[in-house]
Amino acid sequence: MRGYLARKTAIYGLTFVVAVTLNWLIPRLMPGDPVQRMVARAAVQHPETIAAMTAYYERTFGLDLPLWQQYLNYWAALFRGDLGTSVWLFPAPVSQVVLDAVPYTLGIMIPAILLSFVIGNSVGAMAARSRWLDNVALPVGYLITAMPYMWLAILLAWGLGVALGWFPVAGGYDFGMVPQWSWAFAGDLLQHWVLPFLSLFLVSLGGWAIGMRNLIIYELESDYANYLSALGAPKRLVRQYAFRNAMLPQITGLALQLGTILGGALVTEIVFAYPGLGKLVLSAIQNQDFFLLQGTLLFVVIGVLLANFVIDIVYVLVDPRTRTGLTGATA
Amino acid sequence: MFLRQTRSRGVVALAAATVAGVLLAGCSGGGGSAPTTSNPYASAEGMDSANALVAEYPREETLFTSGTQWGPPTSWNPIPSSGHATGARGLLYEPLFQFDPITLELTPWLAEGGEWTGDKTYELTLREGLTWQDGETLDADDVVFTTELGKVDAVPYSNLWTWLDKVEATSPTTVEFTFSDPRYQEWDNWLYSTMVVPEHIMGDWSDEELLSNPNEDPIGSGAFKFSAVGQDRMVWERNDDWWARGELGLEMPMKYIVDVVNTSNEVALGLMLSGGLDLSNNFLPGVNQLVDTGQVSTYYEGEPYMLAAASANLIPNQTRPPMDDVDFRQALARSIDVDKIVTNAYGGLVAKAHPSGLVPAFEEYYDEAVVAEHGFTFDAEEAKSILADAGYEDSDGDGFVETPDGEAIDLRLIVPAGWTDWMEAARVIAEDASAVGIKVTADFPDAGAVDDARATGDFDLVINGNAGVSNTPWTYYNYAFYQPIQEQMLAGNFGRYEDKEAWDLVEDLSRTESGTPEFSETLSKVQEKFMTDLPAIPLWYNGAWAQYNESQWTNWPKEGREDAYFPIMWNGYVQMGGINTLLALEPAS
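If you're matching them up, the sequences are chains Z and Y in order. Okay, so the first sequence: first residue is 1 according to this note's numbering, each after it adds one. Okay, so the second sequence: first residue is 1 according to this note's numbering, each after it adds one.
If we strip away everything but chain Y, and leave its shape as in the complex, we get (with noise of 0.2 Å):
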């Protein structure tokens, strides 16, 4: 179908790149040998679609991205749910439903709708109409097969197939869904994180190659389709066949997208500056003063200028003293300035986080009758006199308290080194628990030591923000109480906080209904539960990273705005604003 040009590629650039040298280095001049004009892909299959490639893509009709691929683009299968292409999920391969975490709202999409028929059976509605991108019909058979998939191991939503029981195409547009145990967060966070792949493709495929395969030619049914490939680009084209057009009258208004993998801080600045970059997802340090200045633009026009998207929390392990004692924990969070690490280590990109450590997105859910209660703020003379009354005094004079059995505090935060902005905030944190007597170093070890340490639970502090913005609050406290507890930490409770009673409120909450009372009622005890023990010090949200140059494209979501989406390409957030965002683009001139 589509002109692959991985290999072809590297063939090209190093013809013309030693052809280059060879010119300058022989000095001989006369700019005699140039790289053939005959075309190498003259008797390659695929020609006629070679043939209505362009040149160069038309800077009017292309979106040039940046910040989400960090390699070469190797892979294009939506399966693992990691490692592929900038887009290939969300853009090429679609879910059932998009979501929207400024409004919490799910949005069929490849589902016309989807409701409870009974306590334990939800129906789901296709549109008439999809199609693959080879012409094939999207039907319900291909959703039943997608979500058959899970009962392999290792494909990464093998968990629904613990609590769904069965899955049924009852005609050509309607699957029903059985469960044995319903979990409605659950359910709705698979409903729009998965993506439908097609059976007559993929259902080709051992098990093994499900993870493996990079699909090489995909077969989406998405708004984008394959284009060309290079070591530092993925380029998507317009499929001008997309089922949305006529379903929804949705149109792309952008021909091409070409995502540019990530390089250093400068470079993506000078990009950005050029013009030849219209969206960044990067963390771009002093990003502030560009858009002050009116040459980038972001959500919000002043502080904190981005969306939140995670909670940014310094997580205390809870198998050493003296993290094991609340009173300690609850001392050291009240010892933190937070607005001092937005000020330093951000210059006002982050905003503080909320006591309950929920982003923003759930402010419906604050519940600040607790939070008044058992919440902490910054206050020095309070962690001093928490510490006080709980027994820790500073018996040798060296200004730093030890624990009530006279034992010596001297704890190590690591963050990963390189992360600046990480490692800005360490050093707050170090100087301000240090400012009422808890002696803390900052430390910054190689990323790979700082996973393995969180993992492992071989460390004293650490600063964690894995859990990211969803449709449900619930995903936060799983990460932040998930038990039981295991050698190996690596979704979440990294501090192994050990309690029945919490974690029972966090199941609860999985199998309650959101919008209902009882919803809110639990959440709300849960929050309790959060604060009162803090397995985790929620701190600051670490942003939704995005700056627009509006030259070529105008209409970037901004506050205030009725279309304003998450205007993230991330993996998992182009069905959460990104593809929205997309569409609403219009071209400058």
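Excised from the complex, chain Z in its bound form (with noise of 0.2 Å):
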């Protein structure tokens, strides 16, 4: 057990160098000077005030250093906590423009995978034995995996926000609220959630439903379910080892899944207007802030590392056949 968890540490550790190198490289090959476009929305009109403050920019977010050098203050920053000023933001830390986001998309992806993974294996699991539900739930599974994301995203805030008003359009709470501990905000914070959240809910709800059934009508008819039936085994025992099959390779989707967490909302976040990591990735993006963006990817990084080494460990908890594996040579 020792050697695995050593070897896995390694693979990570070297995952996460190669990670944050690129975190840092990819942007800076990216068309455009961040400086550039932070003074020109100064919208200053004199090339000598233009190129002193330049300057002045360049210095603060020391990009005058030769490029191994800024490669060196990253990390040298990065073991301080310190993930640089933001450009776009200027002068906000990058840490704190995306912990102020955090909490946003955490809210929306944490119950909306969770959910969609509980109900969607559940629902699949019962349509796998039930005909009268396989035929509800597996065209209805199709449908809403099928459909492009953005579309069904739109399509709730269309419906349910502008054309029957149940839910606000925009915004993570009520433009004329003020935040604080008490019930209506609570409640209106829980209005602007239910649009993001049910659109991710309900794209991933099929995915889930269809794979579990799917996986547990393959797993009734393999051989060892057939020679427990033979045995006499009562249905439900058979049902019981089928669905502990059928649940690993969903978990490792999950793990996946959980992983994409942080950079995952991107699309929801914009119909939605909702305040979350997403929005600001883009917004990163567009505007050449590689210190944002480096910061929120390494969140990603981090994120889908963690999930992977949690995943790990849980595989062998569930599965036996790992931790026989692991006493040998080849894990």
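To be clear, the hints were calculated from the coordinates, so they are not data collected in a lab. Where hints are given, some of them may not hold.
As the list claims (entries may be wrong) - If we take Cβ atoms under 10 Å as the criterion, some of the chain Y residues that face chain Z in the derived model are:
| hint | residue |
| --- | --- |
| 1 | Thr74 |
| 2 | Glu176 |
| 3 | Phe179 |
| 4 | Asp181 |
| 5 | Val235 |
| 6 | Asn466 |
| 7 | Tyr482 |
As the list claims (entries may be wrong) - Pairs of lysine to aspartate or glutamate residues, derived as DMTMM-like cross-links and limited to a Cα-Cα distance of at most 25 Å, are as follows:
| hint | chain 1 | residue 1 | chain 2 | residue 2 |
| --- | --- | --- | --- | --- |
| 8 | Y | Lys166 | Y | Glu199 |
| 9 | Y | Lys166 | Z | Glu48 |
| 10 | Y | Lys439 | Y | Asp327 |
| 11 | Y | Lys151 | Z | Asp319 |
| 12 | Y | Lys120 | Z | Glu48 |
| 13 | Z | Lys235 | Z | Asp223 |
| 14 | Y | Lys166 | Y | Glu112 |
| 15 | Y | Lys500 | Y | Glu521 |
| 16 | Y | Lys151 | Z | Glu58 |
| 17 | Y | Lys151 | Z | Glu48 |
| 18 | Y | Lys352 | Y | Glu301 |
| 19 | Y | Lys500 | Z | Glu48 |
| 20 | Y | Lys500 | Y | Asp460 |
| 21 | Y | Lys120 | Y | Glu507 |
| 22 | Y | Lys255 | Z | Asp174 |
| 23 | Y | Lys166 | Y | Glu123 |
| 24 | Y | Lys439 | Y | Asp394 |
| 25 | Z | Lys8 | Z | Asp319 |
| 26 | Y | Lys352 | Y | Asp100 |
| 27 | Y | Lys120 | Y | Asp141 |
| 28 | Y | Lys352 | Y | Asp398 |
Claimed, not checked - Which chain Z residues stay away from chain Y? Per the calculated CB distances, all over 10 Å, these:
| hint | residue |
| --- | --- |
| 29 | Phe79 |
| 30 | Arg80 |
| 31 | Trp88 |
| 32 | Ala157 |
| 33 | Asp319 |
Since we're looking at a predicted model, the values are computed, not measured. Yeah, the Cβ is synthetic: ideal placement off N, Cα and C, and Gly gets one too.
Starting from two chains that each stand alone, build the complex the way the hints lay out.
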């Protein structure tokens, strides 16, 4: 077990270094100069002044140094927990900008992913043994999975938001509210949360259900299931075994989904004007904000790695077969 | 002083969002665990003002605006002149003068008046009884301090000190400016575009900090003070001790202004139609249909609906043939049917530009005699004959002309991807130019790439509208002609037009006082130079986009009204009509 963990840790460590390096590199390969954009926004008419302002900002962001030095500084700052200063939202520190946005993204993504996982898998498992449910769940599942997410989201915003007026179409909470600890505010927050959540929930629900249904049918027809039935085991027991086996690939899928939580809500946040990380990523790209982009992508990288690491360990717990593999030379 | 909610906001939201999420995720129901009702700020500093905060901004006392802020507000520092929260310049900090781009008048604001007392001296008189929001007096020392900030290189108006010699407070309310080289046009511009900042606060800042301090507890002198901020909004609260209440008898009708961070067009329209926004300063394609059906209103009832804020120009790169040939530029200008752009790309939301390139605010300066002689209008036949006369011929029969040297012409017109109106306009231009035999292809790189290409001169044709409305036509011609040519052109003359005579004329213009006959004379010469040489081809006017929903607030600026101003909250426009627009509003009920 220890060898397994050490090996995994080394692999994750290496992945982390590579990912962080790419994080640093890729924004710098984009066309455009962030400082120039920033100065341009000041609408200053005099080239001498522009030159002075440009020099000042380049110094402030450390962009006047040679590339290799910028890279080393980046790592040094990272270890101090300093993600730098945002160019686009100057002078706010990136860590603060990101942390202010994270709650909104987590708030819609975690419930959406977990809930759709739980409900989707249950419905799928039930559909596998109920002809009636199968006839309903399968087409509906295919329909919502095949629907382009953008379209579904806009449809929800239009239908439930604009046409019926049940839910607000924009913002994290009502633009006329003051955040506070009160029922009214929590209710308002919840109201604004429903549509983005619902759209994400619906769109992943079908996939889980269909996947689970197919897996269960496959498992029920496998040799061990037939053998168990032949031995006279109760149907319930056979199904339980089939369900457990079918869960394994689904858990891997869940891990991948959880990893993309932080970057995954981009379209959602734009359609519903929800103030989360996805919107930040897009704006950071549009404004060549190297530092903000690095910072948000770092969160995404850490998220993916952590989720996979946790799943590696969860696998050991839920699948006894991996446990036997651990003691051997190959894992 | 004020409750700062920047950081705590996220925490509240997180707690409530996760509580909500967990409740549902667990399917436990029962409405159990709720956000704690005890106040987390109870022990925090500034609790008194926190208690005074209302739970909800009363709709009838709140104005909702949008269209200026593109990301979470993070700075309230007016010195860098960009990147601050909507209204930090104008609502919170104030300039010495206001400028009205409709009447072209400078109106004293913090200043009571100012005049040239000599060839090179300007005396400014401040109003009595000006105060900062913390009770300190705003006096001549603050004005001197603000002016001298320009001695720090990175401050946006540091250029001032190349022609200003010294500034002195001669009494608590008078300031004398002595110039080494008085540039009247630029001086007027400085007077209304610079925000007076408090010496007792910013005097403690280091030079480095002047641009990078977010100024999180801002103390201004203006009509509004900081109230709250969120990821997607900025909230201002009326300053009931505002000096202008007593001095000028001005009353702000709204207690709060909530500025909503820009969303997508669909969301902005949705908010607008549901009455969630009172003023939107976004460009909303197709808004003309909503105006025609009476759902929202704009400055003009019909076309062009919006006031003009800047001319959009087609800029030919004059370091590359054939754009370095003035005949070619003239032919190109005549090949473009701008009316088609106005109808197809904008649905009538903009107007065709005057050949002088000046916005209609400067109509009185248009020299129609020069226009009649040198100005261009759409005329495909004339474009063809100019090309033929200059030796551009289609010798290989591909339908497109070659240069007189026989080189093939294949030009790329770039506009930023995603700017749908400009993209459509670029397609029209490419089509029209091709129709007279000039091969132009529209191309849409990323906005950053367009900026790069424009600054470094790595383009054939580009569309740009950087010179906005201002106090003087000099701004536009400085933009069109700016010289010397540098490796990076950032402020103007992106096409790298080079002509000493033209630049001398522009410099003369900046040193001439408006309203004098010399001014009009020099301006006519500049216009003639502009139209004969065409360093840039003015096409249409980008609008001062503003649409109002009148269900909560009425008396919005409209054509023909006496108190009609530029209804714009963009950076730099608050003191060009924005604040007067706010002052004139009336509750609907």
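Hint check: lysine 352 of chain Y vs aspartate 100 of chain Y, CA-CA at most 25 Å. Holds or violated? Answer holds: lysine 352 of chain Y to aspartate 100 of chain Y is near 23 Å, not above 25 Å.
Decide, holds or violated, for the assertion that all CB atoms of chain Y are farther than 10 Å from the CB of tryptophan 88 of chain Z. violated (6 Å)
Given the hinted pair lysine 255 of chain Y and aspartate 174 of chain Z, is their alpha-carbon gap at most 25 Å? holds (18 Å)
Hint check: lysine 8 of chain Z vs aspartate 319 of chain Z, CA-CA at most 25 Å. Holds or violated? holds (17 Å)
Restraint: phenylalanine 179 of chain Y near chain Z, CB-CB cut 10 Å. Satisfied or not? Hint on phenylalanine 179 of chain Y: violated, closest Cβ of chain Z at ~16 Å, above 10 Å.
Straight-line alpha-carbon gap lysine 500 of chain Y to glutamate 48 of chain Z, limit 25 Å: Answer holds: lysine 500 of chain Y to glutamate 48 of chain Z is near 19 Å, not above 25 Å.
So if I understand the rule, the pair passes when the alpha-carbon distance is 25 Å or less; does lysine 120 of chain Y with glutamate 48 of chain Z pass? This hinted pair holds, its Cα atoms lying about 23 Å apart.
Has the given pair, lysine 352 of chain Y with aspartate 398 of chain Y, been kept, meaning a C-alpha gap of at most 25 Å? With a Cα-Cα distance of about 32 Å, the restraint between lysine 352 of chain Y and aspartate 398 of chain Y is violated, given a limit of 25 Å.
With the threshold set at 25 Å, check whether the alpha-carbon distance from lysine 500 of chain Y to glutamate 521 of chain Y stays at or below it. holds (19 Å)
Within 25 Å, alpha carbon to alpha carbon, are lysine 166 of chain Y and glutamate 123 of chain Y? Since the Cα atoms of lysine 166 of chain Y and glutamate 123 of chain Y sit roughly 12 Å apart, the hinted pair holds (cutoff 25 Å).
Hold the hint about glutamate 176 of chain Y up to the distance rule: shortest CB distance to chain Z must be less than 10 Å. Glutamate 176 of chain Y check fails; min Cβ-Cβ to chain Z is 24 Å, beyond 10 Å.
Is alanine 157 of chain Z truly not at the interface, in the sense that its beta carbon sits beyond 10 Å from all beta carbons of chain Y? Non-interface label on alanine 157 of chain Z violated, nearest chain Y Cβ at 8 Å vs cutoff 10 Å.
The structure fails hints 2, 3, 4, 11, 28, 31 and 32 (numbered hints given earlier, in ascending order).
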